[in-house]
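What follows is each chain in one-letter form.
Protein chains: 2
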Amino acid sequence: MSLHSLIRSGKVSVFLLVLLCCPVLCSGIPDPAYRDYLIKEEMSRQMGGKVPLTDAEMQLNAQLQKMKRQEMGGSQFPPAMHFFQAKPLIERSAVYSFIQRMPKGAALHVHDFAMVDTAWLVKNVTYRPHCYVCFTDDQSVRFLFSLQVPKSIPHCSAWTLLQTLRAKMVNCTDLDDSFIRNLTLFTDHPEEAYPSQDVVWKRFEQAFLVVWGLVTYAPVFKDYFYEGLKQFRADHVIYLDLRALLPETYELDGKVNDRSWTMRAYQEVAQQFITDYPDFLGARIIFTVHRYVCSAVRITEAVKEAMRLQKEFPETMAGFDLVGREDAGRTLWYFREALALPKDLGDNLPYFFHAGETNWQGTDVDQNMLDALLFNTSRIGHGFALTRHPLVKELSRKMGVAVEVCPISNQVLKLVSDLRNHPASELMNDGHPLVISSDDPAIFGANGLSFDFYEAFMGLGGLRSDIRMLKELAWNSILYSSLSSQLKDKAMDMWTKQWDKFVEESLSYQN
Amino acid sequence: MSLHSLIRSGKVSVFLLVLLCCPVLCSGIPDPAYRDYLIKEEMSRQMGGKVPLTDAEMQLNAQLQKMKRQEMGGSQFPPAMHFFQAKPLIERSAVYSFIQRMPKGAALHVHDFAMVDTAWLVKNVTYRPHCYVCFTDDQSVRFLFSLQVPKSIPHCSAWTLLQTLRAKMVNCTDLDDSFIRNLTLFTDHPEEAYPSQDVVWKRFEQAFLVVWGLVTYAPVFKDYFYEGLKQFRADHVIYLDLRALLPETYELDGKVNDRSWTMRAYQEVAQQFITDYPDFLGARIIFTVHRYVCSAVRITEAVKEAMRLQKEFPETMAGFDLVGREDAGRTLWYFREALALPKDLGDNLPYFFHAGETNWQGTDVDQNMLDALLFNTSRIGHGFALTRHPLVKELSRKMGVAVEVCPISNQVLKLVSDLRNHPASELMNDGHPLVISSDDPAIFGANGLSFDFYEAFMGLGGLRSDIRMLKELAWNSILYSSLSSQLKDKAMDMWTKQWDKFVEESLSYQN
Chain C
14 MSLHSLIRSG KVSVFLLVLL CCPVLCSGIP DPAYRDYLIK EEMSRQMGGK
64 VPLTDAEMQL NAQLQKMKRQ EMGGSQFPPA MHFFQAKPLI ERSAVYSFIQ
114 RMPKGAALHV HDFAMVDTAW LVKNVTYRPH CYVCFTDDQS VRFLFSLQVP
164 KSIPHCSAWT LLQTLRAKMV NCTDLDDSFI RNLTLFTDHP EEAYPSQDVV
214 WKRFEQAFLV VWGLVTYAPV FKDYFYEGLK QFRADHVIYL DLRALLPETY
264 ELDGKVNDRS WTMRAYQEVA QQFITDYPDF LGARIIFTVH RYVCSAVRIT
314 EAVKEAMRLQ KEFPETMAGF DLVGREDAGR TLWYFREALA LPKDLGDNLP
364 YFFHAGETNW QGTDVDQNML DALLFNTSRI GHGFALTRHP LVKELSRKMG
414 VAVEVCPISN QVLKLVSDLR NHPASELMND GHPLVISSDD PAIFGANGLS
464 FDFYEAFMGL GGLRSDIRML KELAWNSILY SSLSSQLKDK AMDMWTKQWD
514 KFVEESLSYQ N
Chain E
14 MSLHSLIRSG KVSVFLLVLL CCPVLCSGIP DPAYRDYLIK EEMSRQMGGK
64 VPLTDAEMQL NAQLQKMKRQ EMGGSQFPPA MHFFQAKPLI ERSAVYSFIQ
114 RMPKGAALHV HDFAMVDTAW LVKNVTYRPH CYVCFTDDQS VRFLFSLQVP
164 KSIPHCSAWT LLQTLRAKMV NCTDLDDSFI RNLTLFTDHP EEAYPSQDVV
214 WKRFEQAFLV VWGLVTYAPV FKDYFYEGLK QFRADHVIYL DLRALLPETY
264 ELDGKVNDRS WTMRAYQEVA QQFITDYPDF LGARIIFTVH RYVCSAVRIT
314 EAVKEAMRLQ KEFPETMAGF DLVGREDAGR TLWYFREALA LPKDLGDNLP
364 YFFHAGETNW QGTDVDQNML DALLFNTSRI GHGFALTRHP LVKELSRKMG
414 VAVEVCPISN QVLKLVSDLR NHPASELMND GHPLVISSDD PAIFGANGLS
464 FDFYEAFMGL GGLRSDIRML KELAWNSILY SSLSSQLKDK AMDMWTKQWD
514 KFVEESLSYQ N
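Sequence order for the protein chains is C and E.
Take 14 as the starting number for the first sequence in the working numbering and just add one per residue.
Take 14 as the starting number for the second sequence in the working numbering and just add one per residue.
Mixed in with the good hints there might be a few duds.
Derived lysine to aspartate or glutamate pairs resembling DMTMM-like cross-links, with alpha carbons at most 25 Å apart [unchecked claim]:
| hint | chain 1 | residue 1 | chain 2 | residue 2 |
| --- | --- | --- | --- | --- |
| 1 | E | 53 | C | 407 |
| 2 | E | 411 | C | 431 |
| 3 | E | 411 | C | 204 |
| 4 | C | 501 | C | 189 |
| 5 | C | 53 | E | 340 |
| 6 | E | 53 | C | 513 |
| 7 | C | 63 | E | 205 |
| 8 | E | 411 | C | 54 |
| 9 | C | 100 | E | 205 |
| 10 | E | 100 | C | 204 |
| 11 | C | 215 | E | 84 |
| 12 | C | 53 | E | 350 |
| 13 | E | 79 | E | 350 |
| 14 | C | 63 | E | 513 |
| 15 | C | 215 | C | 151 |
| 16 | C | 411 | E | 431 |
| 17 | E | 356 | C | 44 |
| 18 | C | 356 | E | 205 |
| 19 | E | 63 | C | 407 |
| 20 | E | 63 | C | 377 |
| 21 | C | 63 | C | 350 |
| 22 | E | 411 | C | 205 |
| 23 | C | 100 | E | 443 |
| 24 | C | 53 | E | 407 |
| 25 | C | 79 | E | 377 |
| 26 | E | 53 | E | 407 |
| 27 | E | 356 | C | 211 |
| 28 | E | 268 | E | 289 |
| 29 | C | 411 | E | 54 |
| 30 | C | 356 | E | 350 |
| 31 | C | 100 | C | 240 |
| 32 | E | 79 | C | 205 |
| 33 | E | 317 | C | 513 |
| 34 | E | 53 | C | 54 |
| 35 | E | 215 | C | 431 |
| 36 | C | 79 | E | 318 |
| 37 | C | 215 | E | 431 |
| 38 | E | 100 | C | 211 |
| 39 | E | 100 | C | 49 |
| 40 | C | 100 | E | 84 |
Calculated from the structure, these hints are not laboratory results.
From a predicted model like this one, the values you see are computed outputs, not experimental measurements.
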């Protein structure tokens, strides 16, 4: 019976109806039902807003949200602090512990020589025989493995065999600690140590020079990658799209191995790792070259090399990217002829461009995000500047191009200080495709993905984001990976099994 | 002749056509024309993107953009620094000088007792007869005008007549400087002085207590407002929507004037000022009360008082707002019954709510922006958190509700450090209605609107925003003011005359 006929039948008088509806219709207070609808509509757009939960997951979610509310009410809020100062707080956090144990899927934005905890490099690698060290004029160090004393290099002391140096010392802790300090940006007073982007980028790039002589030593190269996979697996990650420079490696006798050796090493080590740990899916390689080159010819050569490697290692080679500080390098458009080469030759070389890792608006570099999309990039690395470009943001969403958000990296490299202001917060709230990654965890004193997931969950997501957001982040990491659809299915199966086990164990652990 | 008939006629062979088009059609390089179209489309969405320019304006714009590029290429970029440290740099900037001389229209978000340079208060007001001072336990001061020694107040030294105190001193500079320090947040080392939002808000609110005894002295109250209008006019502002607490004022003999006296004082002083300076349009008052009240009854009373004042002073009374730190106060929804009162009574009391001046996402306070819109707010004060709420952002755009963006205030009160990351950058690039204002310029060591315009133009707008953005900001300040449409027309006429003169003089000055 309609309202109209109810009234006409005399069963409800108009007077009564007005009286009943008055609290809503006649009051100046906005209709609470409409308000509620708008709030729910907004929440459904948020990352995870449409993810269904099982009863068990809902139960776990209630526990998680309780922990979250408690931690957000504390006197210190880690995402508002510099990660270097927040880290000890995060490590004591129940939410972090939850996130650490949680299967997180894949890490899609990690660089080759920043995977492994620097302590491992110092305690394991530098203690191997034949490791030489020299000390540079600017308080840094260089390492090299060699049978004889290596040729001296400019602005560096004479090479000393570390074994000999250490033998003379009563206690090597200070020396080892100084090595660790050189391998990471981590410090107790980041604001003083790194007053500007220029300073922090200089130290950041120097850290890679320190690690270089260690990790390009062929035996270490393989061990490092194996150890890296181990550390990501320990953080409950099952797969990596690894950005790799694919350097030549050297042997003790000075022999040099070419790039194909390096690719093969990645492939073989990953295979060995899967054999040792069948709950891990593997890794693929995004070949990266530096954007600070003087001539576009170098990029043309690199693109050709990428196409060659793709043919030689179709299963391992995922695509191509340019690395280095965007503001200091050439733009994608500058390299347009080189980047057009695959299409010109009828090849399909997937791109995974870094773009928008900048605070400068309206510069040529700030155009990289649009150009990455025009070159059909598979994902956008960082995309920190994306929200400043509404049209580019629309394009990336329509094209289904995920942004690889690396909160701690962006903070340490001084794009943003308080992570609640990270622009990806908006992308998450508007359901833009994105994944969370860690960029260079070892250099930032982080590891795996968990610290970045924590920052994203607590700082970017706000009080309302819950287990459904974490679930969608894990799903996204598989969905937007470079894996074939067949391997994506396999990854989803693996992840789902681990997730269900995690939910079950967490509930029994809590109860 | 169409392409098709050209080919059919044999005048152009298909072969030749393919050859001609190949650089675009066959190359892997994205079509530069399409790229160009996307870039231009994005720029047309930006604030000012659709503003037409005269030849003279285009000429001036070229000069402005040249200055802008030069300053953005410098070693220090003021919007990336704390305003207290950037201020001396900005004062030397050619872009700032341009903006300072430029007619900026109206100031729509300024608070009553933070309009006037604090030096004026110390050098003029505290030197008037009968001014007493006392020094608080926490290194602050209080002032009071009185015929006799005032009654002592808790946590404060005995009252001393300033005239007597100064007479004993050889040099009063140190004392006066200490007064100035108490009246403003300005300091050379803001990061050390204000480590957290709690600390900076405490000092911020204390500055209002210091100024209180001076400006609520009835004669000073009028002089202060006159001086405030003078300083805004000197900064080339023609009108203000002033947020005012409308306190009772006191006379030397202790007599107290009520709120109607205060409103009348505003009205009369503004009228006098227009008579003295006919190139100024005036000011209207947004009655504000503190949101830290214990009971909603107080807000109900305030809303009733606002309705009463609106009837008594229809030309001067613009509307109603709540002030104070949002995170520390009650939400708009908590006060919903009080705020519904005007509509319940068939009254139209315009609202100008502060909302979204927060970094906390997902809290009840973070809901204020939605509720402000549901209560049909005329503008949103700050709206710092708006971009985190895509749905609310859509609503405010559709409803034509402008955001009052106060960059320096947001930075000093620690919502954001690097102003290139201010979320209103995105609103500007997406054509969301907004105006720039200065909130509490005197307390931040700023004045008028120019420093905030500079930060918005250089920091939020990026390299591409130009004179058209500045023009749209000025237009918006009139369009979104509380003025009647008739007075808006008048304001536009006044502004246009001043603008045309500015353009002409700037060009002849430059040539």
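Consistency of the hints with the structure:
{"no.": "1", "hint": "53/E - 407/C", "in the structure": "holds, 15 Å"}
{"no.": "2", "hint": "411/E - 431/C", "in the structure": "violated, 30 Å"}
{"no.": "3", "hint": "411/E - 204/C", "in the structure": "violated, 42 Å"}
{"no.": "4", "hint": "501/C - 189/C", "in the structure": "violated, 42 Å"}
{"no.": "5", "hint": "53/C - 340/E", "in the structure": "holds, 22 Å"}
{"no.": "6", "hint": "53/E - 513/C", "in the structure": "violated, 49 Å"}
{"no.": "7", "hint": "63/C - 205/E", "in the structure": "violated, 44 Å"}
{"no.": "8", "hint": "411/E - 54/C", "in the structure": "holds, 17 Å"}
{"no.": "9", "hint": "100/C - 205/E", "in the structure": "holds, 22 Å"}
{"no.": "10", "hint": "100/E - 204/C", "in the structure": "holds, 21 Å"}
{"no.": "11", "hint": "215/C - 84/E", "in the structure": "holds, 24 Å"}
{"no.": "12", "hint": "53/C - 350/E", "in the structure": "holds, 23 Å"}
{"no.": "13", "hint": "79/E - 350/E", "in the structure": "violated, 54 Å"}
{"no.": "14", "hint": "63/C - 513/E", "in the structure": "violated, 54 Å"}
{"no.": "15", "hint": "215/C - 151/C", "in the structure": "holds, 12 Å"}
{"no.": "16", "hint": "411/C - 431/E", "in the structure": "violated, 30 Å"}
{"no.": "17", "hint": "356/E - 44/C", "in the structure": "holds, 13 Å"}
{"no.": "18", "hint": "356/C - 205/E", "in the structure": "violated, 55 Å"}
{"no.": "19", "hint": "63/E - 407/C", "in the structure": "holds, 20 Å"}
{"no.": "20", "hint": "63/E - 377/C", "in the structure": "holds, 22 Å"}
{"no.": "21", "hint": "63/C - 350/C", "in the structure": "violated, 42 Å"}
{"no.": "22", "hint": "411/E - 205/C", "in the structure": "violated, 45 Å"}
{"no.": "23", "hint": "100/C - 443/E", "in the structure": "violated, 36 Å"}
{"no.": "24", "hint": "53/C - 407/E", "in the structure": "holds, 15 Å"}
{"no.": "25", "hint": "79/C - 377/E", "in the structure": "holds, 16 Å"}
{"no.": "26", "hint": "53/E - 407/E", "in the structure": "holds, 23 Å"}
{"no.": "27", "hint": "356/E - 211/C", "in the structure": "violated, 56 Å"}
{"no.": "28", "hint": "268/E - 289/E", "in the structure": "violated, 30 Å"}
{"no.": "29", "hint": "411/C - 54/E", "in the structure": "holds, 17 Å"}
{"no.": "30", "hint": "356/C - 350/E", "in the structure": "violated, 64 Å"}
{"no.": "31", "hint": "100/C - 240/C", "in the structure": "holds, 22 Å"}
{"no.": "32", "hint": "79/E - 205/C", "in the structure": "violated, 34 Å"}
{"no.": "33", "hint": "317/E - 513/C", "in the structure": "violated, 58 Å"}
{"no.": "34", "hint": "53/E - 54/C", "in the structure": "violated, 33 Å"}
{"no.": "35", "hint": "215/E - 431/C", "in the structure": "holds, 20 Å"}
{"no.": "36", "hint": "79/C - 318/E", "in the structure": "violated, 42 Å"}
{"no.": "37", "hint": "215/C - 431/E", "in the structure": "holds, 20 Å"}
{"no.": "38", "hint": "100/E - 211/C", "in the structure": "holds, 22 Å"}
{"no.": "39", "hint": "100/E - 49/C", "in the structure": "violated, 45 Å"}
{"no.": "40", "hint": "100/C - 84/E", "in the structure": "violated, 37 Å"}
Taken one by one, the earlier hints fail for this structure at numbers 2, 3, 4, 6, 7, 13, 14, 16, 18, 21, 22, 23, 27, 28, 30, 32, 33, 34, 36, 39 and 40, listed in ascending order.
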